[in-house]
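First to last, the sequence lines map onto chains A and B.
Heads up: the first sequence runs through residues 1 to 943, numbered per our numbering.
Heads up: the second sequence runs through residues 1 to 231, numbered per our numbering.
By construction, these hints were calculated from the structure, which means they are not laboratory data.
The beta-carbon is built from N, C-alpha and C at its ideal position, and this holds for glycine as well.
Accuracy of the hints is not assured; some may be wrong.
[Unchecked claim] Straight-line alpha carbon distances no greater than 20 Å define the calculated DMTMM-like cross-link-like pairs of lysine to aspartate or glutamate that follow:
id	chain 1	residue 1	chain 2	residue 2
1	A	K143	A	E167
2	A	K177	A	E204
3	A	K602	B	D231
4	A	K870	A	D545
5	A	K821	B	D231
6	A	K767	A	D809
[Said to hold, decoys possible] For each label pair, taking beta carbons as the anchor points, the in silico distance ranges come out as:
id	chain 1	residue 1	chain 2	residue 2	range
7	A	E811	B	G138	41 to 49 Å
8	A	Q936	B	D150	30 to 38 Å
9	A	L769	B	T136	48 to 56 Å
10	B	T136	A	A935	35 to 43 Å
11	A	E835	B	S203	26 to 34 Å
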Amino acid sequence: MDQRHTGAKTEAENAAQDLPPRFRDWFAARGWQPRPHQLELLRLARSGRSALLVAPTGAGKTLAGFLPTLVELAQGAPMAAASSPPPAERRGGSGWGAPGPGREAQDDERIASSDRPPPLAPPRRKRGEGERSIHTLYISPLKALAVDIARNLETPVAEMGLGLRIETRTGDASAHKRTRQIERPPDILLTTPEQLALLIAHREARSLFGGLKRIVLDELHALVTSKRGDLLALGLARLRTIAGPDLTMVGLSATVREPEALALYLVGSSIVPDVIPGQSAEGAQGKGIQQRESSARPRTANTPPGSPSLASLAGDDTGSTNPPAAIVVAPPGAPAELTVLDAEAALPLAGHTARHAMAEVYDAIRRHKTTLVFVNTRLHAEYVFQELWRINEDGLPIALHHGSLDASQRRKVEAAMAEGRLRGVVCTSTLDLGIDWGDVDLVVNIGAPKGASRLMQRIGRANHRLDEPSRAFLVPANRFEMLECRAALDAVAEAAQDTPEPRVGALDVLAQHVLGMACAEPFDALALYDEVRSAAPYRDLTWEDFEAVVDFVATGGYALRAYERFAKIRRGPDGLWRVTDARTAQHYRMNVGTIIEADMLKVRLGRVMNRKPGAPGTVMRGGRVLGEVEEYFAEGLTAGDTFVFGGEVLRFEGIIENEVRVTRATAADPKVPSYAGGKFPLSTFLAARVRAMIADPSSWSVLPAEVAGWLARQQDRSILPGRDELLVETFERAGRHYLVAYPFEGRLAHQTLGMLLTRRLERARLKPLGFVANDYGLAVWGLSDISAAISGGRLSIDALFGPDMLGDDLEEWLEESALMKRTFRHCAIISGLIEKRFPGQEKTGRQVTMSTDLVYDVLRRHEPGHILMKAARADAATGLLDIRRLSDMLARIRGRIVHQALPHVSPLSVAIILEIGREAVYGEASDAILAEAEAQLMEEALS
Amino acid sequence: MNVAADMPVHPVLLGGLAAMLDASGALFLPDEGTLVVADLHLEKGSAYGTRGQFLPPYDSRATLERLAEVIDRLRPRRVVALGDSFHDRQAQGRLGHADALLLQTLMAGRDWLWITGNHDPLPPADIGGDVAAMATIGALRLVHEPTLMDGPEAAGHLHPAARVHLRGRSVRRRCFATCGTRMILPAFGAYAGGLNLRDRVFSPYFPAFLTAYMLGQARVYAVGRRMLLPD
Numbered sequence: 001m002d003q004r005h006t007g008a009k010t011e012a013e014n015a016a017q018d019l020p021p022r023f024r025d026w027f028a029a030r031g032w033q034p035r036p037h038q039l040e041l042l043r044l045a046r047s048g049r050s051a052l053l054v055a056p057t058g059a060g061k062t063l064a065g066f067l068p069t070l071v072e073l074a075q076g077a078p079m080a081a082a083s084s085p086p087p088a089e090r091r092g093g094s095g096w097g098a099p100g101p102g103r104e105a106q107d108d109e110r111i112a113s114s115d116r117p118p119p120l121a122p123p124r125r126k127r128g129e130g131e132r133s134i135h136t137l138y139i140s141p142l143k144a145l146a147v148d149i150a151r152n153l154e155t156p157v158a159e160m161g162l163g164l165r166i167e168t169r170t171g172d173a174s175a176h177k178r179t180r181q182i183e184r185p186p187d188i189l190l191t192t193p194e195q196l197a198l199l200i201a202h203r204e205a206r207s208l209f210g211g212l213k214r215i216v217l218d219e220l221h222a223l224v225t226s227k228r229g230d231l232l233a234l235g236l237a238r239l240r241t242i243a244g245p246d247l248t249m250v251g252l253s254a255t256v257r258e259p260e261a262l263a264l265y266l267v268g269s270s271i272v273p274d275v276i277p278g279q280s281a282e283g284a285q286g287k288g289i290q291q292r293e294s295s296a297r298p299r300t301a302n303t304p305p306g307s308p309s310l311a312s313l314a315g316d317d318t319g320s321t322n323p324p325a326a327i328v329v330a331p332p333g334a335p336a337e338l339t340v341l342d343a344e345a346a347l348p349l350a351g352h353t354a355r356h357a358m359a360e361v362y363d364a365i366r367r368h369k370t371t372l373v374f375v376n377t378r379l380h381a382e383y384v385f386q387e388l389w390r391i392n393e394d395g396l397p398i399a400l401h402h403g404s405l406d407a408s409q410r411r412k413v414e415a416a417m418a419e420g421r422l423r424g425v426v427c428t429s430t431l432d433l434g435i436d437w438g439d440v441d442l443v444v445n446i447g448a449p450k451g452a453s454r455l456m457q458r459i460g461r462a463n464h465r466l467d468e469p470s471r472a473f474l475v476p477a478n479r480f481e482m483l484e485c486r487a488a489l490d491a492v493a494e495a496a497q498d499t500p501e502p503r504v505g506a507l508d509v510l511a512q513h514v515l516g517m518a519c520a521e522p523f524d525a526l527a528l529y530d531e532v533r534s535a536a537p538y539r540d541l542t543w544e545d546f547e548a549v550v551d552f553v554a555t556g557g558y559a560l561r562a563y564e565r566f567a568k569i570r571r572g573p574d575g576l577w578r579v580t581d582a583r584t585a586q587h588y589r590m591n592v593g594t595i596i597e598a599d600m601l602k603v604r605l606g607r608v609m610n611r612k613p614g615a616p617g618t619v620m621r622g623g624r625v626l627g628e629v630e631e632y633f634a635e636g637l638t639a640g641d642t643f644v645f646g647g648e649v650l651r652f653e654g655i656i657e658n659e660v661r662v663t664r665a666t667a668a669d670p671k672v673p674s675y676a677g678g679k680f681p682l683s684t685f686l687a688a689r690v691r692a693m694i695a696d697p698s699s700w701s702v703l704p705a706e707v708a709g710w711l712a713r714q715q716d717r718s719i720l721p722g723r724d725e726l727l728v729e730t731f732e733r734a735g736r737h738y739l740v741a742y743p744f745e746g747r748l749a750h751q752t753l754g755m756l757l758t759r760r761l762e763r764a765r766l767k768p769l770g771f772v773a774n775d776y777g778l779a780v781w782g783l784s785d786i787s788a789a790i791s792g793g794r795l796s797i798d799a800l801f802g803p804d805m806l807g808d809d810l811e812e813w814l815e816e817s818a819l820m821k822r823t824f825r826h827c828a829i830i831s832g833l834i835e836k837r838f839p840g841q842e843k844t845g846r847q848v849t850m851s852t853d854l855v856y857d858v859l860r861r862h863e864p865g866h867i868l869m870k871a872a873r874a875d876a877a878t879g880l881l882d883i884r885r886l887s888d889m890l891a892r893i894r895g896r897i898v899h900q901a902l903p904h905v906s907p908l909s910v911a912i913i914l915e916i917g918r919e920a921v922y923g924e925a926s927d928a929i930l931a932e933a934e935a936q937l938m939e940e941a942l943s
Numbered sequence: 001m002n003v004a005a006d007m008p009v010h011p012v013l014l015g016g017l018a019a020m021l022d023a024s025g026a027l028f029l030p031d032e033g034t035l036v037v038a039d040l041h042l043e044k045g046s047a048y049g050t051r052g053q054f055l056p057p058y059d060s061r062a063t064l065e066r067l068a069e070v071i072d073r074l075r076p077r078r079v080v081a082l083g084d085s086f087h088d089r090q091a092q093g094r095l096g097h098a099d100a101l102l103l104q105t106l107m108a109g110r111d112w113l114w115i116t117g118n119h120d121p122l123p124p125a126d127i128g129g130d131v132a133a134m135a136t137i138g139a140l141r142l143v144h145e146p147t148l149m150d151g152p153e154a155a156g157h158l159h160p161a162a163r164v165h166l167r168g169r170s171v172r173r174r175c176f177a178t179c180g181t182r183m184i185l186p187a188f189g190a191y192a193g194g195l196n197l198r199d200r201v202f203s204p205y206f207p208a209f210l211t212a213y214m215l216g217q218a219r220v221y222a223v224g225r226r227m228l229l230p231d
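Produce the complete structure using the sequences and hints provided.
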């Protein structure tokens, strides 16, 4: 055993020598060198540190994440045996390089070194039983990724004869497999956040995870930005409680601007309660709880030359029991070759289709082996796919891949891609993350990228070899998008990234978790409160909110105590909360998770019989299912409308028993245009760059002539806003009076702003008729002269955009806002107030739906301070209504509004008012629509 | 009768009888001083509560307060509840004290008729008021489930709702459905859902002619059959 070579070695080389011989041999046999960051992770694991690895695609992140586990498990394993030895022999524990200590010694050590408060409840198992435990848990946002990683791990494990059991647990796992995994846990389990939630809610959770040593979190940057991230953080907090301080975490992330937030998420913040657990919850009221957290400030450690840069998160250790996570940054790969496509045809002022550039996109596909063409929405994918086939003279195999296609169809495309049979795939964010499908050598991004990180992720799909540059084309569809693409390009060149906003943990997710914890074992409210606050998103959770959530889980938490008798969880004389019956746990299992799919309807192809004019005719039953569309899209169709789906033009016949019935249309051009606006709003970071670019004419040289000329004409005929200013233009055109503003804050914030401005203009009797919003600005139009109202002193632009619109105006609007109702519905489902529909329970045919809208109306009127209303409001601030961003913007522009009353349309505004007719015109669905419908009846009667 | 368009009541003729459609979902017969409401479904929320779905327990309050507002405005001599007034047989027991009191206040000083429905074949015995399976006012038949019998009829049970779609916006509201002879009232209860008028269950009742009076914020809106869309 030549463990150490002599001579001066860098730290990394020393670490390489610490690889057990069979690992070194295995690397050597493959002609590979362990990468410095892989060894760095090994070193950190040896010292019991958690780590965040920030690395570009192709840097061997997965192996880096698992290497410490494999080494640790291998060191306990007999060298030759490929069969499964008993777990106790395999487990090395923390004694690296030495024969693994026995399990008992390890447990002693753990207890001795633990300065954590005692576990939530007395451990049920006796010492020694913990052998039946998972060693390493891997969590991925995608089921398919977990399965793929498991497969990839098998190779080194088999070749080195490590004899480890590696299993996946996904929603598809059979009941038999699930039971077996609890009874005989594998060494490494690969799963998803939802499955983790189910596992920690299991009665056997403590024995299953009692000996857990390591958690590997893949694509962490993608996980933490949503409610799924909240759920996962709560799960990790529980695992830390169960497994104790020996547990280390590894986060794997793509490049992000501020990895510190991710590092904090990884280990959480420790809270040492001053109150003794078990003290009555009522008595404490949170006042006696002192919060002592790791301050977790980043500090850059000395970086030895040639090793990955290592920023160490050295927390001040007082009060912290979680060692802070180290941040390991792998060197970037070869810089990507990025080009913004300047098509021969002039770039349109508005629109999203990028039709003008299809010939160039097609040509690019022809010149490469395999091209991924990314677009932002499913319907846009349909459109691009159709356009490419229209000009596909060479009959290149080009396929379509998006989330609403039938799963079997998607699997076929993926398989064909993996086999290298496809030249192009038009896809949506479904292929942003995850598995490498085949040898992609070009990525085309149609439309604006919306965020620098998303763009990086997509570019990374081309070429998974680190040392070769990825190639990508950006194809802006209009002039604003050109600016955005340029901004993204510069951002990527500087490796500047969007920073995922740290989340404030959602209360509806917490409610789900609290019920899950009661299903696992009786809990003490104070101890659980401390555990929850150790999860980064919940670090600032107040005791009052926590208590309200527990109360909500128990009986609905209403001021009118109507449901005491039917409580789901109840506090016993011992002070512990437990579930009241087995049914509750069963319901919990059926409803776990935070992903509320938009209500989707199946699209079924049929034939129509007996068509009469004006009547839907009889659609034959049966027929093939083509996929699914969002319910709201189907709602907008009337019989006879044609639209593109699955690459074909279809005729909408009607919705029958919750299915969209369609027939093949003969028309080549669909009547209903593919809505192709962005699904993701423009990131704050890119928006700031776009504003800066507009404000600085010296930066226009990189822009195509027509775009630079467009900005120059704007400067001429109106004004260009400074980078922190808001330009508002008013003018008349064809009898309509327009107000156009350019906040560059993303479509969602603009929609909310548009709703509120419309209300205010209505109150000012300026008769607004409607508005459109895109990512860059919004236009409101109406019947009264807005310029005259401003010059006549009847309307103040500063007052119109005053932050007080987020007060009463917002409140009034929220009362009836469909977006707010949808937000509430999501909270109601996630929190368990109402049950998710699950297969077999969907009502078919005739249904009297009791919608959550009715529940919202009643709750808002009778208990507006209820915890679920609070949850919905918090969601509205960041979600569909993006109120937080709007509020930041209103603060930013105070005193910096530049108003231009123009005698004509301005060049910039053209790009926004051209959206009218293309984008949905907003205004809440309201009585005005009913009045219009009534007027039509009147016309019918009179005609 | 001369009623301005923005009044909450909308005059129609029902089987020759003057009738007013209120934006709350109530039908008022001014000549008879009679207010008709259908499908209150009191304590529907708590019915879910007993099964572990803790819906806000304020639906009875919301329903009764809305009813109180209509009664206060129209001052009927008589109120007819067209069945399914109570969500189930135990509903009265779950009705909160304040809500029960409010109901008693509404019933005091006027005739009150409970038509029986499938949810409440036997309205609470001690609740007061009269109970019947069917009633007639002049030629107008008042029943819970609509029938195919001849003659004018007002019924509930089916919870009609209508959807229209204009300029990219879709509005779905509860509605009165009527052909001028028969009428199906919208459900009045706060948690009572709606069934789309395009559902085939409605077709036997309106073979020739149908107008939906959709409930707006301040008044009802008459919408023709051709404008109505399925969900």
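Which of the numbered hints are not met once you compare them with the structure shown?
none
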